[in-house]
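Visitor: Start counting the sequence shown at 1; every next residue gets the next number (the UniProt record's numbering).
Errors might be hidden in some of the hints.
Said to hold, decoys possible - Derived lysine to aspartate or glutamate pairs resembling EDC-like cross-links, with alpha carbons at most 16 Å apart:
| no. | residue 1 | residue 2 |
| --- | --- | --- |
| 1 | K289 | D180 |
| 2 | K186 | E198 |
| 3 | K366 | D327 |
| 4 | K424 | D327 |
| 5 | K245 | D402 |
| 6 | K186 | E196 |
| 7 | K199 | E495 |
| 8 | K93 | E291 |
| 9 | K67 | D430 |
| 10 | K199 | E609 |
| 11 | K412 | E365 |
| 12 | K199 | D526 |
| 13 | K574 | E555 |
| 14 | K574 | E610 |
| 15 | K199 | E220 |
| 16 | K434 | D605 |
| 17 | K297 | D327 |
| 18 | K366 | E291 |
| 19 | K412 | D430 |
| 20 | K424 | E373 |
Source of the hints: derived by calculation from the structure; they are not laboratory data.
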Amino acid sequence: MPKNSKVVKRELDDDVIESVKDLLSNEDSSDDAFKKSELMVDDQEEKDVDVEEGSDVEDERPAWNSKLQYILAQVGFSVGLGNVWRFPYLCQKNGGGAYLVPYLILLLVIGIPLFFLELAVGQRIRRGSIGVWNYISPKLGGIGFASCVVCFFVALYYNVIIGWSLFYFSQSFQHPLPWDQCPLVKNASHTFVEPECEKSSATTYYWYREALNISSSLSESGGLNWKMTICLLAAWVMVCLAMIKGIQSSGKIMYFSSLFPYVVLLCFLIRGLLLNGSVDGIRHMFTPKLEIMLEPKVWREAATQVFFALGLGFGGVIAFSSYNKRDNNCHFDAVLVSFINFFTSVLATLVVFAVLGFKANIINEKCVIQNSEKILKLLKIGNLSQDMIPHHINFSSITAEDYNLVYDIIQKVKEEEFDSLGLKSCQIEDELNKAVQGTGLAFIAFTEAMTHFPASPFWSVMFFLMLVNLGLGSMFGTIEGIITPIVDTFKVRKEILTVICCLVAFFIGLIFVQRSGNYFVTMFDDYSATLPLLIVVILENIAVTRIYGIDKFMEDLKDMLGFSPSQYYYYMWKYVSPLVLLCLLVASIVQMGLSPPGYNAWIEDTATEEFHSYPTWGMIVCISLMVLAILPVPIVYMVRRCNLVDDSSGSLASVSYKRGRIIKEPVNLEEDNTSLIHGKSPSEVPSPNFGKNIYRKQTGSPTLDTAPNGRYGIGYLMADMPDMPESDL
C-alpha cells in the first residue's frame with residue numbers, strides 16, 4: 001500500500017461527509033438556498049470554484065447601462081410606424097373615440113399580461129427566445145425558432161419602408177417640395193400637365209411614379225428601382241452599424257431614436273392646432289359612434305392592434321429583457337411601456353387628424369369656389385333663378401356654410417333636374433371620412449398636407465426623419481430577436497452574425513425594390529406574421545401556465561420582484577388570455593378565408609388603384625410564408641419526441657442559472673459512470689425546473705444531472721472554452 005494511502009482515504013471520507021452535509025442542509029431550505037446560491041464554475045481541470053454574491057467575478061452577459069436605456073429600447077421597439085399610420089385609421093374607422101374603449105379593455109386583458117409574461121421569462125432565464133423556451137420545455141424549443149423566422153420575414157420588408165422614408169427625407173431639402181405640383185411635359189408644339197398626375201394628384205403621382213416607378217401587376221417585375229435599391233442599402237448599413245456591438249451600440253442610439261419622434265409629434269401637434277380646420281379634424285376623430293362598438297370586427301381589429309403594437313411573439317421583448325438584472329421590477333416595466341405605447345398612439349392620432357383636418361379644410365375651400373362658379377354660370381344662362389338665392393349671399397367671398405345653404409335650397413327646388421346640374425356637396429366630414437392608412441397616409445395624404453405648411457421643407461424633413469427613427473427603433477428590437485437567440489444558442493460571434501444577417505437580408509430584400517416591390521411588401525405584411533405570431537404567443541402562454549406550471553411561475557416572480565404579483569395575472573394567464581387569443585386566431589383565419597387574397601395594383605392609364613387577385617405562384621408564396629414561419633414548432637417537437645438529435649456530444653456544455661450568474665459544466669458522458677440517475681439516457685433526464693431546487697456540484701460528481709438545464713443549457717456564454725470564440729453577448 002502506498003505511503004499516502006491513509007491521507008487519500010481520509011480526503012475521500014471528508015468528501016463523502018461534506019456531500020451528505022450539503023444534501024441535508026439543502027433538503028429543507030431549497031427556496032432560501034436558491035436565493036442565496038453562489039456561482040460555481042467547473043473548469044477544464046475539474047476544479048470547483050464557488051463564487052459568493054458580491055465577488056469580483058463579473059457576469060458574462062452584457063447589461064443595460066441604465067434603466068432608462070432599457071425602457072427606451074422597449075419603447076422604441078413597441079412604438080413603431082403602426083402607431084402613426086395604423087392606429088389613427090382604426091380609430092377613425094371603428095367608432096372614433098369609442099374605439100378607445102375596446103382597445104383599453106383588450107390592452108388590460110391580453111396586452112399587459114402577455115407583455116409582462118415575456119419580460120419575466122426573459123429576465124428570469126436570461127436568454128433569447130430559443131433558449132427561454134428550450135429551458136422551460138425542450139419539446140417546445142421550436143417556439144423560439146419560429147419567432148426568429150417571423151422576425152426575419154418582418155425585417156425584410158420593414159427595412160424597405162425605412163428605405164422609402166430615407167428617399168423622401170433626401171428629397172425634402174428643396175423648395176418647393178418636388179411633390180408640390182404636377183410635372184409639365186413638353187413636346188414639339190406645346191406644354192401640358194403629365195396626364196397620369198392630372199388624373200390623380202401631385203403627391204399620388206410622385207409616390208407611384210417618381211418614387212416607386214411602380215409596375216401594373218405583381219407578375220411584371222420591371223427590374224430594380226436603383227433609387228430605392230440605394231436607399232435600402234443605406235437602411236441596412238444603418239441597422240448593421242447600430243447592432244454590431246449589441247446593446248452596447250444600439251442602447252446608446254436609443255436615446256435619440258426613441259425620444260426624437262416624441263419631439264417631432266409634439267411640434268406637429270402644436271403647429272397643427274394653429275392651422276385652419278385642425279379642430280374640425282380632431283372633433284371628427286373623437287366623436288364617438290357607440291353603435292359600432294357592438295360589431296365583432298371592431299374588437300377583432302382592436303385585439304390585433306394591441307397584439308402587434310407591443311411586439312408580442314417577436315422575441316425582441318425577451319431579448320431586451322434578458323440583459324436585465326434578475327431583481328429588476330419587470331411588472332412596472334410592462335405597465336409603463338404598455339401605457340406609453342397607448343398614449344403615443346393617441347398623440348399620433350391627434351397629430352394626424354389635426355393635419356388631415358387642415359387638408360380637408362383646404363380641399364373643401366377649393367370645392368366651394370369651384371361649385372360657386374358653376375352656380376354663377378347657371379344663373380347667367382338662366383338654368384337657375386336669382387330669386388332662390390338668399391340676398392346675403394356674396395359669391396365673391398362665399399363661406400362653406402353659405403354655400404351649403406344655397407346647395408340645399410337648389411336641391412329642394414330643382415329636385416328632378418338636380419343631378420344634371422353637376423353640383424357637389426362640400427362637407428369637411430366627407431373628406432375626413434375618406435380613411436387612409438399605411439403608405440397612403442404617410443406618403444400621400446400627409447405629404448400633401450405638408451405642402452400647404454409655411455416652411456414646408458422643414459416640416460417634411462422632420463416628418464420623414466421621425467419615420468426613419470420610428471422604423472429603426474422597431475428594427476433594433478426585431479434584429480435583436482434574431483441575433484440574441486442565435487448567439488446564445490450556437491456561440492457565434494455577434495459582429496460576424498450581424499453582418500451576415502444584414503447582407504443576406506439586403507440581397508433577399510431586393511425583391512421589394514423592383515418596380516413590383518410594393519406588391520411584395522403588401523404580401524409579406526398580410527401573410528408572414530399575423531397567424532404565425534398568434535400561434536407562437538398561444539404556445540408561449542401554454543408553455544408557462546400548463547407545462548412549466550403557473551404556480552411555480554408565480555413563485556419565481558415573487559422571488560424576482562420581492563413581492564407577489566396580483567392574482568389578476570394568475571387568472572389572465574391561466575384562463576382569459578389563452579381563450580381570447582384562440583378566439584382571435586379563429587377570427588383571423590375566418591377573416592383571411594372570407595377576404596379574397598389579392599392586392600391593389602396601380603393602373604397608369606386610369607391613374608387609379610385596381611384590385612388584383614394573386615396568381616397561382618403568388619398564392620403558393622403566401623401559403624409558404626405562413627408554413628415556413630410556424631414549421632419549426634412541429635419539427636423541433638418531433639426531433640425531441642423521437643430523440644433524433646444526440647444530446648450526449650461532449651462538445652455541448654450544460655449551463656445553470658443562479659442569481660444571473662453561470663454554472664458551466666462540460667458534459668462528458670463517456671466518463672460518466674456514476675450518474676445519479678442510473679439507466680437513463682440524456683433524453684430521459686427530467687426537464688429543468690427553476691425556482692424549486694438548488695444544485696451544488698461536488699468534487700468528482702457527475703456533470704450530467706447537477707444543473708437544472710443540464711441537457712439544453714447551450715444558450716448562454718461559456719467561460720474558459722478555447723474551442724469556441726467568445727461572443728459579445
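Visitor: Hint by hint, note whether the structure agrees.
Guide: Here is what the structure says about each hint:
1. K289 to D180: The given pair, whose Cα atoms are some 35 Å apart, is violated under the 16 Å limit.
2. K186 to E198: 15 Å, holds
3. K366 to D327: With Cα atoms ~61 Å apart, K366 and D327 exceed 16 Å; violated.
4. K424 to D327: Between K424 and D327 the Cα gap is close to 65 Å, so the pair fails against 16 Å, i.e. violated.
5. K245 to D402: 64 Å, violated
6. K186 to E196: The given pair, whose Cα atoms are some 15 Å apart, holds under the 16 Å limit.
7. K199 to E495: Roughly 50 Å between the alpha carbons, so the hint for K199 and E495 is violated.
8. K93 to E291: 13 Å, holds
9. K67 to D430: 47 Å, violated
10. K199 to E609: Distance of about 12 Å is within 16 Å: holds.
11. K412 to E365: Since the Cα atoms of K412 and E365 sit roughly 23 Å apart, the hinted pair is violated (cutoff 16 Å).
12. K199 to D526: This hinted pair is violated, its Cα atoms lying about 29 Å apart.
13. K574 to E555: 15 Å, holds
14. K574 to E610: 46 Å, violated
15. K199 to E220: Between K199 and E220 the Cα gap is close to 23 Å, so the pair fails against 16 Å, i.e. violated.
16. K434 to D605: Violated: K434 and D605 sit about 23 Å apart, past 16 Å.
17. K297 to D327: 41 Å, violated
18. K366 to E291: Outside the cut-off at roughly 33 Å; violated.
19. K412 to D430: 21 Å, violated
20. K424 to E373: 12 Å, holds
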